[in-house]
Amino acid sequence: MSTVTYPPGGAVVAPHEPTWRVRWRLTRKALRESWAMFRENPVGLVGLGIIVFYAILGALHPILMRTIWDEATYDPVTGFDRNIITHPSPPSWIQDEEIIIVDPGLQQWWTHLLGTDPLGRDILSQLMYSTSSEFGLGIGAALVTVFIATTTGAIAAYYGGIADTIIMRLADVLLMLPFIPILIVLSALFDFQLIHLAIVLGILSGLGGTNITIKAQALTLKVKAYVDAARVAGGSDWHIIFVHLVPNLLPLAFLYMMINVTNAIFSEAVLSFFGLLNIRISWGIMISTTQAAGYLLTGWEYWYLMFPAGLSISLLCSAFYLVGRALDEVINPRLRKR
Amino acid sequence: MRKYILTRVGQIIITLLIFQVLMFLLLNQMPGDVTNRMFSNPKIPPEVRERTRVALGLDDPPLVQFGRWMRNFYTGDLGISFSEYPRPVTEILIERIPRTLVLFMAATIVQFVVGFHAGRVLAWQRGGVYEYGTTITGVVLFTIFTPWFGLIMLFIFAVQLGWLPLGSFITPELWSDIQLPGLAENFSKANYIFNRLIVSATIALVLWVALLLATRRLSAYQRRRFLALGTLIVIAGLVAYWILTGFSPLATDIIRHMALPVLVLTLVGFGGTMLTMRTTMLDTLREDYIQTARAKGLPENVVRDRHAARNALLPVFTGLIIGLPFVISGGIITERIFSWPGMGTTLLTATLAEDIPLVMGTFSFIGVLALLAHLVADITYAFLDPRIRYG
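Quick note, the sequences are listed as chains P and S, same order.
Under the working numbering, read the first sequence as residues 1 to 338, first letter to last.
Under the working numbering, read the second sequence as residues 1 to 391, first letter to last.
So that you can see chain P by itself, here it is in the shape it has in the complex (with noise of 0.2 angstroms):
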């Protein structure tokens, strides 16, 4: 007969290594699998390539206004560039005998290239100034969003009753109306900045619309196995929403956060062209700006000022949107290829 010899601390199975490690690894494994299959969508690609982009314009500015733009000239908001006389200017790599230039050799032809607004700001500066705003906006809007969207979906999955009851119509409400005309009101009643309207798009968003989805996916995980063993092992309810079925809805969430991105991003780019909103500078702001100084009808030589800040609006929200849909096709088993 032989001995069963027991390794040291009195365990059958000895960990070799600690579990944060083996979480590590499957995590790692995982990214791993899905980036394999997100990279076979082209138009996912696409989308990823202008999100990237943009994300290099926005850390970009801080550097050169540190670097080679002075702040006088260069400042989004208060720039102003005295060696050219007649603003708006085409871009500097552009000859046009009507601009009118104090001292020729200051002007190169990377001084301003994408030219001034009617203001003499410089519009590239301006453009990539506001691309960090805009991201964080995306960005913070999308994680309230996904905050709120997996805890209630996940207590209505878990709970059902009275509180999916309350969490579901109060879904309905919200998804029946539309964002525009409330954060309208919102900001007619109340001083409105990127951070308030991020909170708000986020509660909005996340109570009517996004959980109704997350709630039906945590109600097929509410009936795994897993599950069971935890509540039989003896963990709370708090334990089981936050430790088992919430992370297993992030990938979920996370293709939410996505299509959430475009709807803020689009909700700020509305209100403040509508001059609603109390920040400095934003694509809406330039195009509001282009429009009341009456240049945005006269004729294609003003396209300088008439598609940079529109493209990047529509040229992000799309990006986002693709990533979306190529996310889907990774997370949502039906649309998978293989």
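The set of hints was computed from the structure by calculation and includes no laboratory data.
Quantities reported herein were computed from a predicted structural model and do not represent experimental measurements.
Check before you lean on any hint, since a few could be wrong.
Stretch-level coverage of chain S by chain P, calculated; a stretch enters the list once three of its residues show a Cβ under 8 angstroms from a Cβ in chain P [unchecked claim]: (1) 152–159; (2) 322–328; (3) 365–376.
Idealized CB from N, CA, C, for every residue including glycine.
Since chain P is already given, all that's left is putting chain S on it; use the hints.
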């Protein structure tokens, strides 16, 4: 089906109540009250302001105020506008509601019908430039920044080509010379003509739908002939009516002003409908009954229209219902871009003028519109879905 509709009506009423409670809370949470505005002059002693506050009932407990507010709302008393003093809010709303409704309904119906048919045809064209082109167009229309798109359309069609006017509701020069009994101002004339336009267009539409229903049992060949003839007669009748009344230049003027907002709103919604229709059609085409229909030897267009498209209709319609709030949001943006004097423009100008009674009136109308549109869409859905119709 009656049970389903009754449940939905009940839900909508509860939703409306919740909406109004939320709106009242918003109004109550606003810093200051109406007397701040009435007595901004520092020479007025604070006692007067206190007395007015009591007289207006602003010192009552919130529940009493809420009850009074609800009673006033349902008796049609929404207060008096600040910026257009002394016009009551209800009067302003009654003047502008038809304009928004027409814009909203025209865009919704056109985008749904066109998107449905385009998606149906596109699902048949797999691969190649065609598919990529339409998918890209759909995504672009779906995600483009609406105000910018509106401005570009304005630039192309009104400035460069000069086909259509630059926005607003009427061209005043055309209207000043024409006399209408009892109506002095251009805008009241415009309202009169616009309302007649709505009524005549609705009658024509009802006649056309009746024709569509009446010819349902005919064979395809006969039906096409009857439909073409009937459509021609209805349109000719409409045109003849307007020429006979002598107001046809005025009617054309309003229609010309309406064209661009409707086009923009339609295109913005169209992308989403088309993409959904295409994906649903592609899903439907994998079903067994499609293969059966093909195996029976039915022609491709019959398989497409009778077997696949009908079953793909329901998800697309669900998409339309979910998208209704977005169309309303888009409508507000579009109205603003084209200075179309409807509810969206009113909401924005009132917001910028801090005209709170008008803001709340407009906002509650938009909420009610969203809920009613939802209800109508739900009832239509119940008719379309046999599982609900017979369930």
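Just to make sure I understand the rule, a stretch counts as covered if three or more of its residues have a C-beta closer than 8 angstroms to a C-beta of the chain. Does the stretch 152–159 of chain S meet that for chain P? holds (count 5)
| field | Cβ contact check, 8 angstroms cutoff: the stretch 322–328 of chain S against chain P, three residues minimum | value | holds (count 5)
Practice prompt. With a C-beta cutoff of 8 angstroms, work out whether three or more residues of the stretch 365–376 of chain S approach chain P closely enough for the coverage to hold.
Written response: holds (count 5)
The earlier numbered hints are all upheld by this structure, with none contradicted.
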